[in-house]
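Listed in order, the protein sequences are those of chains A and B. Mapped onto my numbering, the consecutive letters of the first sequence carry residue numbers 1 to 521. Mapped onto my numbering, the consecutive letters of the second sequence carry residue numbers 522 to 1042.
In case anyone wonders, no lab produced these hints; they're calculated from the structure. We put the beta carbon where it would ideally sit given N, CA and C, even for glycine. Accuracy of the hints is not assured; some may be wrong.
Sample of chain A residues facing chain B (criterion: CB under 10 Å; computed from the structure) [claimed, not checked]: (1) SER166; (2) THR256; (3) ALA373; (4) ARG398.
The following label-pair restraints were derived from C-beta to C-beta distances [said to hold, decoys possible]: (5) THR262(A) to THR820(B): 19 to 25 Å; (6) ASP468(A) to LYS545(B): 30 to 36 Å; (7) GLU470(A) to GLY711(B): 33 to 39 Å; (8) PRO362(A) to ARG662(B): 39 to 45 Å; (9) PHE873(B) to ASP468(A): 36 to 42 Å.
In silico DSS-like links for lysine-lysine, alpha-carbon gap of 25 Å or less [as the list claims (entries may be wrong)]: (10) LYS588(B) to LYS233(A); (11) LYS517(A) to LYS782(B); (12) LYS588(B) to LYS640(B); (13) LYS667(B) to LYS473(A).
There are 2 protein chains.
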Amino acid sequence: VVLTFLRRATEEEQQAQSKKALKKQQKEAEKAAKKAEKQAKLVSMFWVCCLTSGAPFQLVLYRALVKVEDLTLEKVDQLLWVRARVHTSRAKGKQCFLVLRQQQFNVQALVAVGDRASKQMVKFAANITKESIVDVEAVVRRVEQKIESCSQQDIELHIERIFVISQAEPRLPLQLDDAVRPDGEGEEEGRATVNQDTRLDNRVIDLRTTTSQAIFRLQSGVCQLFRDTLTKKGFVEIQTPKIISAASEGGANVFTVSYFKTSAYLAQSPQLYKQMCICADFDKVFCVGPVFRAEDSNTHRHLTEFVGLDIEMAFNYHYHEVIDSITDTMVQIFKGLRDNFQTEIQTVNKQFPSEPFKFLEPTLRLEFQEAVAMLREAGVEMGDEEDLSTPNEKLLGRLVKEKYDTDFYVLDKYPLAVRPFYTMPDPNNPKYSNSYDMFMRGEEILSGAQRVHDAELLTERALHHQIDLEKIKAYIDSFRYGAPPHGGGGIGLERVCMLYLGLHNVRQTSMFPRDPKRLTP
Amino acid sequence: VVLTFLRRATEEEQQAQSKKALKKQQKEAEKAAKKAEKQAKLVSMFWVCCLTSGAPFQLVLYRALVKVEDLTLEKVDQLLWVRARVHTSRAKGKQCFLVLRQQQFNVQALVAVGDRASKQMVKFAANITKESIVDVEAVVRRVEQKIESCSQQDIELHIERIFVISQAEPRLPLQLDDAVRPDGEGEEEGRATVNQDTRLDNRVIDLRTTTSQAIFRLQSGVCQLFRDTLTKKGFVEIQTPKIISAASEGGANVFTVSYFKTSAYLAQSPQLYKQMCICADFDKVFCVGPVFRAEDSNTHRHLTEFVGLDIEMAFNYHYHEVIDSITDTMVQIFKGLRDNFQTEIQTVNKQFPSEPFKFLEPTLRLEFQEAVAMLREAGVEMGDEEDLSTPNEKLLGRLVKEKYDTDFYVLDKYPLAVRPFYTMPDPNNPKYSNSYDMFMRGEEILSGAQRVHDAELLTERALHHQIDLEKIKAYIDSFRYGAPPHGGGGIGLERVCMLYLGLHNVRQTSMFPRDPKRLTP
Chain A
1 VVLTFLRRAT EEEQQAQSKK ALKKQQKEAE KAAKKAEKQA KLVSMFWVCC LTSGAPFQLV
61 LYRALVKVED LTLEKVDQLL WVRARVHTSR AKGKQCFLVL RQQQFNVQAL VAVGDRASKQ
121 MVKFAANITK ESIVDVEAVV RRVEQKIESC SQQDIELHIE RIFVISQAEP RLPLQLDDAV
181 RPDGEGEEEG RATVNQDTRL DNRVIDLRTT TSQAIFRLQS GVCQLFRDTL TKKGFVEIQT
241 PKIISAASEG GANVFTVSYF KTSAYLAQSP QLYKQMCICA DFDKVFCVGP VFRAEDSNTH
301 RHLTEFVGLD IEMAFNYHYH EVIDSITDTM VQIFKGLRDN FQTEIQTVNK QFPSEPFKFL
361 EPTLRLEFQE AVAMLREAGV EMGDEEDLST PNEKLLGRLV KEKYDTDFYV LDKYPLAVRP
421 FYTMPDPNNP KYSNSYDMFM RGEEILSGAQ RVHDAELLTE RALHHQIDLE KIKAYIDSFR
481 YGAPPHGGGG IGLERVCMLY LGLHNVRQTS MFPRDPKRLT P
Chain B
522 VVLTFLRRAT EEEQQAQSKK ALKKQQKEAE KAAKKAEKQA KLVSMFWVCC LTSGAPFQLV
582 LYRALVKVED LTLEKVDQLL WVRARVHTSR AKGKQCFLVL RQQQFNVQAL VAVGDRASKQ
642 MVKFAANITK ESIVDVEAVV RRVEQKIESC SQQDIELHIE RIFVISQAEP RLPLQLDDAV
702 RPDGEGEEEG RATVNQDTRL DNRVIDLRTT TSQAIFRLQS GVCQLFRDTL TKKGFVEIQT
762 PKIISAASEG GANVFTVSYF KTSAYLAQSP QLYKQMCICA DFDKVFCVGP VFRAEDSNTH
822 RHLTEFVGLD IEMAFNYHYH EVIDSITDTM VQIFKGLRDN FQTEIQTVNK QFPSEPFKFL
882 EPTLRLEFQE AVAMLREAGV EMGDEEDLST PNEKLLGRLV KEKYDTDFYV LDKYPLAVRP
942 FYTMPDPNNP KYSNSYDMFM RGEEILSGAQ RVHDAELLTE RALHHQIDLE KIKAYIDSFR
1002 YGAPPHGGGG IGLERVCMLY LGLHNVRQTS MFPRDPKRLT P
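One chain only, chain A, in its complex shape (with noise of 0.2 Å):
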């Protein structure tokens, strides 16, 4: 990165340029007086005000920002500028305790009455908003004893100068301490949490919580590991529409939208289209995207929206292969987080407590008809043809950790009947398909299956299911110019992250849930 028009500001220019800064903010400040009462005058006095509103050419300054992570021993006794929120801060006679925070780290900093800071300074630092964020001038200092609820825990900065660069309103909505507390913690001495409304309508402050930051890093990963494992297989990541024409999977569940003089449809997966690729000759394709559903289901697992992490390849010989495919995908991305991602895991369970994730090389797969029958043998009663409650998943999830010590498998061979249109039919067993459910303890992750690539079949399994052929003519037409045989499987972002995790709702791992009640922020 060029930055040739940046110069260091010499100790001149940025006295001068203090100097402008407070006339300026001397003369904004008896306005925010007018306006605001007494008491905003105090704080504003520092601002930056450049930074308000961009500054002007010849007056940037060049600063090296050092992060809070880097404040270590080897730092003893630089001078150097930090920016962070101001995580808390305590006044005690002449002092004032600040916490910074960066992220996941936090820092102890000191503004003292001495050469260096006025009675004044001490007080404007003392009136400091939680959140805010200041640009602090320091000595880094190392401290006797270990600040245990620092991260950083060797040293603490002694405060030279200080610039409000962004002030929090004083009321916060949620308490940042609030909202990392496991549950049930210090409620005798009356401490409390936020409720998840609480914390989904502040979304904003409640991102910022290390539980919170650890998450969505993870996210990132999983997202990343996905697409790089599949890159390495040769598949190709495709663009598909989410505006389409006709609801394919009967109509039920999906969301309208206006469309110029006509309606149209939210896609509610992506599948039509990935297996249009392969008929285009991609023969292995992925995509990540949104996925829309109109169910009113007020779950802990279900979203309006989630993203969708979508695979669909041609096979040569049979649909295991795609199976194979798909499990190896989902092993690489555990290992990748159990390799990769250790400090966001831990920095989770300290907040929601969990045991590691569990999963074996080969991946477990068990056909739909044992797991009926280990169902049964645990005093289930169900038919043959029922498709499994969510209930009976859980338990089965616990009967297969008991007996195979794995917290991830597969259950292949569903039912027809409980599948969708274009499931290819088991050609052994008519009552069956080429389908596969995949499960995260006890929860499915994943759905997927040979497709039926013959346009006379895929008619007749449409028609079966009384879905109106016109609607789906595009579709069924793909498969009328040689398609060949293939499967594949959308997997839900935001249910990998939380089964992973060992967290309960799927609102933790959406940034921004949508669900039948929650359309804001």
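Start from chain A and add chain B according to the hints.
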């Protein structure tokens, strides 16, 4: 990948299976004959039926399939299996010549009456419809004269067995050879090209052409280069919601969605959410996802749904830090394409010739006022605070190319009046703003700015733009609890691909384009 359940079929098993398949096939052929007249009979004779509906477990074949791309002189005299499409077939006496195609590669193949093939087999081969997928067992033979029309020029395949895996209908809606013919070529001989609507109506076939295969493999590369570059720079990938409760940017050009008992909108950009992530301490973020514009524009460069490559980042002292990050990312993409996608670029150039894409390091940055001066010098009449029209943008692109020899540059400091309400005004000149566009070959590919990060100033700017404050409350409130100065921008993926390759319609770089008149396929 563990494929323990697949074992190599012995010769006996293959023969047994052939017989069994033949038997089953004969039965089915009888049925088919009744349904679809006699003609179906011959073609279906050699089908591998098991593939239509998933092979029974014990009948799974394991044949190593060789890729067409790997059929070189090294393989001469080997007997091997290939799965490919029949690109053309032509009978000539006792022989049938086929061209077999796999993605961008093709090879000549031959069935000749003799020890290994019957007269009936030659007839069968000659009757296989174009675009059908076949498995052939063949010996690789060196050819005397290079086969100029194929990618594999030194060898041909002498077929001993042939199976139809998936049969194409006899009448194709478009011919692949026509679809890759450069405009104007062969017009005297009455050779056709394919118009855009025919292509898009039959996209599954159009995407099989070498040109389309190259375009979308390059597009996949753009996404990967974008993400890899930003990940290396410390950016975090985020997922933002597409269903939103309020049309943020004034309410024009937004699609409405029925959302249970209320209405919602499709996001015109992830910008507000990216900004919330910056306020939530993610520091630097990017996202790749669909963007929706309900604009009734029927031009070569507008789509109602396209893929946005979005960036947002906190900066330290000047918004040019943001410009530098974005331009460097673009330069890394251009270099990655130039170095790793030459085959794709040349394939596209064969059909659509264009000059190689030129860029400078560091990227050229001009101010809006300089651009106006250049245009005026070229005879254009325009006001100081007037936005650039599309023809003026193109003219400017030509002037810049002449003067600086670059196809990529940044135009900085747009008039405040022509930018959205959240754009930071220029502190030195209230007529201008800290905002910029980026251009490739004279067309806009990115729009970006420093954003207002102060809730009061943002409120003032929204009121100035007559935006209903109640509707953007959550957005404005995000800046009340400490917000760092920040900026970003949104890039249109399809435009980047179109302009990099020197194409002339954004529909060529969107797999399934959406415009006011097109919702299918």
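Unsatisfied constraints (hint numbers, rising): 3, 4, 12 and 13
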